[in-house]
Amino acid sequence: MRQADEQGDRMKPTALLLLAMPVLAAVTGTVTNQTSGKPQPNVSVTLFKVGSGMEPVQTVTSGPNGTFTIDATPEGPHLLQAAWQDVTYNTMLAPGRPTTNLTLQVHDSTRNPQGVDAAQHMVLIEPSDASLSVTETLFVVNSTQATFNDSANGAFRFYLPAAANGDVRITISEPNALIPFQRPAEKTGQPDIYKVNFPIKPGETRFDIAYSLPKSETFSSRILHKTGATRLVAPQGVTLAGDGIESLGPEPRTQAQIYNVNKPEYTVKITGAGALRSAEAAAPAEEENNGASIEVIQPRLYDNLYAILGLALAILAIGFILMYRRGSPAPERRK
4 MRQADEQGDR MKPTALLLLA MPVLAAVTGT VTNQTSGKPQ PNVSVTLFKV
54 GSGMEPVQTV TSGPNGTFTI DATPEGPHLL QAAWQDVTYN TMLAPGRPTT
104 NLTLQVHDST RNPQGVDAAQ HMVLIEPSDA SLSVTETLFV VNSTQATFND
154 SANGAFRFYL PAAANGDVRI TISEPNALIP FQRPAEKTGQ PDIYKVNFPI
204 KPGETRFDIA YSLPKSETFS SRILHKTGAT RLVAPQGVTL AGDGIESLGP
254 EPRTQAQIYN VNKPEYTVKI TGAGALRSAE AAAPAEEENN GASIEVIQPR
304 LYDNLYAILG LALAILAIGF ILMYRRGSPA PERRK
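Per the numbering used here, the very first residue in the sequence shown carries number 4; after that it's consecutive.
Honestly, I wouldn't trust all of these hints.
DSBU-like mimics (lysine-lysine), calculated; alpha carbons at most 30 Å apart, straight line [unchecked claim]:
id, residue 1, residue 2
1, K41, K52
2, K272, K190
3, K272, K229
4, K272, K198
5, K218, K198
6, K266, K190
7, K198, K266
8, K190, K218
9, K272, K218
10, K266, K229
11, K198, K229
12, K190, K229
13, K266, K218
Note that these hints are calculated values from the structure, not bench results.
Input sequences plus hints: build the corresponding full structure.
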């Protein structure tokens with residue numbers, strides 16, 4: 004009896020150690036093709052451990068009925084990536100989240116751009132004593148259930164003024180993205196037209212195009228998309244004038260002036276200098292000077308319903324621009 008008790012005592016620490024170790028559960032699920040509405044076989048599914056980087060743990064292929072099984076998960080957060088027809092689809096698995104009976108969604112890829120349209124295009128113009136900074140934000144909506152992916156011609160194309168010398172930064176936020184990321188812009192066979200090889204998935208994808216030009220009193224550009232409104236944004240203290248643009252009035256919080264563009268090619272004359280302030284920076288000064296007040300929109304904005312809707316969309320887009328600019332300033336122009 005004493006010997007059995009001694010053996011039991013020696014086994015207790017081992018048992019406690021085993022109980023304290025994390026349980027490495029299997030990851031199971033089904034890959035579903037949202038284009039066909041059916042389970043999708045032959046999809047490459049990779050589990051990544053998320054830390055300072057992306058460390059692949061295991062890769063499997065979905066079976067005939069779309070199911071997959073990965074033996075074990077690492078500690079901490081991890082990510083599942085499904086690769087189908089040259090496009091990847093990510094699903095984040097936070098600690099404590101179930102790892103069984105998951106559903107991964109993929110889409111068939113197409114080179115047909117039908118159903119992929121620009122919804123809103125904002126061009127922020129910020130002149131200074133040294134340069135002219137431009138940030139364009141373009142929202143593209145894919146209303147189909149297929150991913151538009153044209154690596155030869157570029158799923159996304161835009162005009163870049165020659166004075167930028169090709170120095171441009173592209174930041175992209177795709178549907179259900181974990182974080183925005185960057186992609187390079189490539190020249191096309193057309194002068195000053197660049198392409199971005201990036202698949203446009205169903206839903207809304209946002210492209211931020213940031214570049215710097217030499218100091219100038221004018222700004223010229225071209226609009227390549229056939230749908231969606233284009234708005235120019237000028238910070239407080241800056242005014243724009245030119246053929247084919249009309250004022251929609253100020254954005255209430257930042258007092259930035261918003262202009263509608265009516266021509267595919269335009270040139271505006273720039274007067275003044277300034278940078279867009281965030282609403283948080285503008286609000287304290289207004290409250291200190293005026294106290295609490297009700298914002299009044301100028302009556303002329305009610306003359307045209309489309310102008311009102313355009314201004315509302317522009318105000319929302321300005322908020323996106325401000326959030327983007329907080330973390331990543333515009334690139335400096337190459338010498």
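Original post:
What hint numbers does the structure not satisfy?
Top reply: Violated hints: none at all, because every hint is consistent with the structure.
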